[in-house]
Amino acid sequence: MKTKRLISSYDEINDTFVGKIDGKNRYCADYSISDGIFLTIDKNNIPCSVFVDGASDVFNVSKCMLENANVRIAIDCDSIFLSFIMFIEDLKICSIKSENRYGIPELNFLMDTNY
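Counting along the sequence shown from 1, when you hit position 42 you're at 42 in my numbering, and nothing is skipped either side.
If you're looking for bench data, these hints aren't it; they were derived computationally from the structure.
Just to be clear, a hint being listed does not mean it is correct.
Now the in silico label distances, taken between C-beta atoms and shown as ranges [said to hold, decoys possible]:
1. 97 to 54: 16 to 22 Å
2. 91 to 29: 26 to 32 Å
3. 57 to 106: 29 to 35 Å
4. 22 to 95: 22 to 28 Å
5. 115 to 44: 18 to 24 Å
6. 24 to 60: 26 to 32 Å
7. 43 to 92: 26 to 32 Å
8. 101 to 1: 22 to 28 Å
9. 12 to 44: 31 to 37 Å
10. 64 to 105: 33 to 39 Å
11. 90 to 26: 29 to 35 Å
12. 91 to 34: 29 to 35 Å
13. 99 to 11: 16 to 22 Å
Glycine included, C-beta positions come from ideal geometry on N, C-alpha and C.
Between the sequences and the hints, there should be enough to build the whole structure, so can you do that?
Structure follows, in structure tokens:
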């Protein structure tokens, strides 16, 4: 599994979580992979950022927990399914498996704030 550096932030007032791969500046499209969770891809259809509106409700965790800087997001994709798993500290707060209707190629990587 390839690891990439994740830069994340949480806005408590708007209850919004944003995470992006360090060094990625251009985006091509946003896809809703679940209620409130949006995955952004680059021109090569590779995921490069995530946006979560209403994050404390979507993840069913406290706003205080979302302010934690130790975040990891694992993305595993094949031609049929996309798997998205998010951790804060070592606690899994989200696990989604959806149909890969976004054209994302087969890949398996981890975005980590501590990389």
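Evaluation of the provided hints:
Range check, residue 97 to residue 54: Cβ separation about 21 Å, and the 16 to 22 Å hint holds. Here the CB-CB span from residue 91 to residue 29 is close to 30 Å, well matched to the stated 26 to 32 Å. A hinted range of 29 to 35 Å holds for the C-beta pair residue 57 and residue 106, which are about 32 Å apart. Against the hinted window of 22 to 28 Å, the Cβ-Cβ separation of residue 22 and residue 95 comes to about 24 Å, which satisfies the hint.
Evaluation of the 18 to 24 Å hint for residue 115 and residue 44 yields a pass: the beta carbon distance comes to about 21 Å. Hint check: residue 24 to residue 60, Cβ distance near 28 Å, so the stated range 26 to 32 Å holds. Checked against the given bound of 26 to 32 Å, the beta carbons of residue 43 and residue 92, roughly 31 Å apart, stay inside it. Between residue 101 and residue 1, the C-beta spacing of about 23 Å keeps the proposed range 22 to 28 Å intact.
For residue 12 paired with residue 44, a C-beta distance near 34 Å keeps the hint of 31 to 37 Å intact. Taking the beta carbon of each, residue 64 and residue 105 are about 37 Å apart, inside 33 to 39 Å as hinted. A hinted range of 29 to 35 Å for the beta carbons of residue 90 and residue 26 is consistent with their spacing of about 32 Å. For the pair residue 91 and residue 34, the beta carbons lie near 18 Å from each other, so the given range of 29 to 35 Å is not met.
Between residue 99 and residue 11 the beta carbon distance is about 30 Å. The supplied range of 16 to 22 Å is therefore violated.
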